[in-house]
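Here the protein sequences come in this chain order: A and B. Here the first sequence stands for residues 0 to 127, numbered as in numbering that gives the first Met the number 0. Here the second sequence stands for residues 0 to 482, numbered as in numbering that gives the first Met the number 0.
It is worth saying that the hints were derived from the structure and are not from the lab. Keep in mind the model is a prediction, meaning the values are calculated, not measured. Cβ atoms here follow ideal geometry from the backbone N, Cα and C, with glycine treated the same way. Possibly wrong hints are sitting among the right ones.
Stated by the list, open to error - Cut-off 27 Å, straight-line C-alpha distance, at most; resulting in silico cross-link-like pairs (DSSO-like, lysine-lysine):
no., chain 1, residue 1, chain 2, residue 2
1, B, Lys347, B, Lys189
2, A, Lys125, B, Lys118
3, B, Lys373, B, Lys189
4, B, Lys252, B, Lys5
5, A, Lys101, B, Lys473
6, A, Lys2, B, Lys373
7, B, Lys473, B, Lys387
8, B, Lys364, A, Lys125
9, A, Lys125, B, Lys387
10, B, Lys430, B, Lys373
11, B, Lys252, B, Lys347
12, B, Lys342, B, Lys118
13, B, Lys442, B, Lys364
14, A, Lys125, B, Lys342
15, A, Lys125, B, Lys189
16, A, Lys2, B, Lys387
17, B, Lys448, A, Lys2
18, B, Lys118, A, Lys110
19, B, Lys5, B, Lys118
20, B, Lys473, B, Lys5
21, B, Lys442, B, Lys430
22, A, Lys86, B, Lys364
23, A, Lys125, B, Lys373
24, B, Lys252, A, Lys125
Stated by the list, open to error - Some chain B residues close to chain A (C-beta under 8 Å, calculated; not the full set):
no., residue
25, His233
26, Tyr297
27, Leu415
28, His417
29, Arg464
30, Glu468
31, Ala472
Stated by the list, open to error - Negatives, chain B to chain A, calculated, CB over 10 Å:
no., residue
32, Gly24
33, Asn58
34, Leu202
35, Gly251
36, Asp314
37, Ala385
38, Leu414
39, Pro462
40, Val463
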Amino acid sequence: MAKTIEGLYYSESHEWVRIEGEYGYVGITDYAQQAMGNIVYVDMPEEDDEFTAGEEFGAVESVKAASDLISPVSGVVEEINNDLEDKPELINQDAYSAWIMKIRLTNPEEKDSLMDATAYAAFCEKEQ
Amino acid sequence: MKYYDKLIFELSQNGRCGYSLPECGWDETATDISACLRRESDTRLPEVSEPDVVRHYTNLSNMNFGVDTGFYPLGSCTMKYNPKINEEVASMPGFACLHPLQPESTAQGALQLYHDLSKALSAITGMAEFSLNPFAGAHGELTGLMIMRQYHLQRGDVGRTRVIVPDSAHGTNPASAAVCGLEVVVVKSKPDGTIDTEELASLLDETIAGIMMTNPNTLGLFETEILKIAEMVHGCGGLLYYDGANFNPLLGKVRPGDMGFDILHLNLHKTFSTPHGGGGPGSGPVGVASRLAEYLPYPRVERDDDGCYHIVGSDKSAGRVSGFMGNFTVLMKAYAYILSLGKQNIKKAGALATLNANYIKESLKDCYKLPVDKLCKHEFVFDGLADKSTGVTTLDIAKRLLDYGFHAPTIYFPLLFHQSIMIEPTETESKETLDAFVSVMRKIAEEAKTEPEVLRDAPHNTPVRRLDETTAAKHPILTYFEL
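Extracted from the complex, chain A is given alone in its bound form (with noise of 0.2 Å):
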């Protein structure tokens, strides 16, 4: 069964946010790595792109398929993760440590239409 987290926020196209002050870090789902298999690359944004929510940020690449990446807040982005780039696999270890950017928030009040963990491990079920 794939994991969720309490305290997190989650989209319904499989990425999480997670809250810390004016910043957000953004990731995808246990339940999203589960679905694409191994990881091979991550298509990142740049640091100080913008994006608001629901735009496209990136890319993931698996051995079966490439999926894009939906932004589930709107900002600026301060921060990407590096370590991807040598290791996608990071993702498939662990979800919710391995964050792709991190993201200042222009918007805050967004993650309110956001699903909780419990909403969301009710909507991975009725995906499946």
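Let chain A serve as the given structure and place chain B on it in line with the hints.
Only chain B this time, still in chain A's reference frame:
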């Protein structure tokens, strides 16, 4: 099967050679080639004799699996049998020995074949004119989109930069649109697997160059609202592009031109029985409605009033997409196929392909999950096993099929489902072959319950077991010398 996994470099012996030529008498040191272009190290080609080469490749070919060795239900690829008369026709020396730069007066037969095949494809598809030059399916897509763009630009309509691609379209469509410099907009399918026309309506405006559709779509479902979709897209000034990857079930029955499509490509290597997938090069002719004919790529072939054929082009053409007249021998094979079937028999191909697909679907839908349970065309998609509790995945099923001597279906495509298995039997197969496949698929579903570990470790009987796809994708070894 004899196991053989040597590389030709491993057979190499210093100084061994497959030929003996007399001294050429010329100074072999090139002096008119600038130093930066001259190779400094030796070429490191394998040094082998002719029997070494022949045995090496024959042994490798014995390990190949193809349509000539067994059932190949690779969805979306239409792996139908390639009649051998096609090969005989394509090797006729009068055609095979032509040089592409010969004067047209000395190649009239080849030009007539190009012209006549174009006309046959026009009759089959309902399109006015064809170019047979594109080399394969995705090349045809790119050519079609170049024509679409050229059409808008020639009218001074420069704002049409977006192309709509349904999520049930053929997988290469978004890539072709991106290569053509167009932005892709995805329109979703409804739960019944066909295009959501309400969502489509909301996307249609003056920025839309057109829509790329695959009909039947990748779920093998016919888009029954196609006439309405054509009216909507034309209404906003866009064009309709037909991806011919799935044309097989419609062969001789329904014409994309009559559905309202403006541009299409065909895959001669799928629908028209020419070998592909390692067996030979493809061919992706593009057909257009008459108002787009002048944008077709050059060179083109025209017949004059005296019955002579000429190579021509148009100033408004979208450009040149190939050096000469496409993969010409592939055109010959497709023409041989059309003529040997004839008008009556060509209509049976699609119907039998459809019957075969529905037969497998109905025979297995109690043990495999069928997300859209309705009449399919030439192919359909299961979403893994019906019983997901065993943890057995689509990959395990595909690998296990190899143990039983079948080629695996297309898996994990389309992306609409997590465990897609896309099965296309084609009209080639007899009921006995279909029954054998069905019984193996049922056996695998049973094994998933009784001994799932056998599936997780499959294949067991193939020359190689599961390959490390992750390392292969991340750290590919591309030459012998990197080993």
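Verification of the hints:
no., hint, in the structure
1, B:Lys347 to B:Lys189, "31 Å, violated"
2, A:Lys125 to B:Lys118, "51 Å, violated"
3, B:Lys373 to B:Lys189, "14 Å, holds"
4, B:Lys252 to B:Lys5, "48 Å, violated"
5, A:Lys101 to B:Lys473, "25 Å, holds"
6, A:Lys2 to B:Lys373, "35 Å, violated"
7, B:Lys473 to B:Lys387, "30 Å, violated"
8, B:Lys364 to A:Lys125, "21 Å, holds"
9, A:Lys125 to B:Lys387, "13 Å, holds"
10, B:Lys430 to B:Lys373, "21 Å, holds"
11, B:Lys252 to B:Lys347, "9 Å, holds"
12, B:Lys342 to B:Lys118, "14 Å, holds"
13, B:Lys442 to B:Lys364, "14 Å, holds"
14, A:Lys125 to B:Lys342, "49 Å, violated"
15, A:Lys125 to B:Lys189, "17 Å, holds"
16, A:Lys2 to B:Lys387, "18 Å, holds"
17, B:Lys448 to A:Lys2, "25 Å, holds"
18, B:Lys118 to A:Lys110, "60 Å, violated"
19, B:Lys5 to B:Lys118, "48 Å, violated"
20, B:Lys473 to B:Lys5, "24 Å, holds"
21, B:Lys442 to B:Lys430, "18 Å, holds"
22, A:Lys86 to B:Lys364, "40 Å, violated"
23, A:Lys125 to B:Lys373, "22 Å, holds"
24, B:Lys252 to A:Lys125, "40 Å, violated"
25, His233, "29 Å, violated"
26, Tyr297, "35 Å, violated"
27, Leu415, "12 Å, violated"
28, His417, "5 Å, holds"
29, Arg464, "16 Å, violated"
30, Glu468, "4 Å, holds"
31, Ala472, "4 Å, holds"
32, Gly24, "54 Å, holds"
33, Asn58, "29 Å, holds"
34, Leu202, "15 Å, holds"
35, Gly251, "35 Å, holds"
36, Asp314, "39 Å, holds"
37, Ala385, "12 Å, holds"
38, Leu414, "6 Å, violated"
39, Pro462, "21 Å, holds"
40, Val463, "16 Å, holds"
Hint violations for this structure: numbers 1, 2, 4, 6, 7, 14, 18, 19, 22, 24, 25, 26, 27, 29, 38, all remaining hints satisfied.
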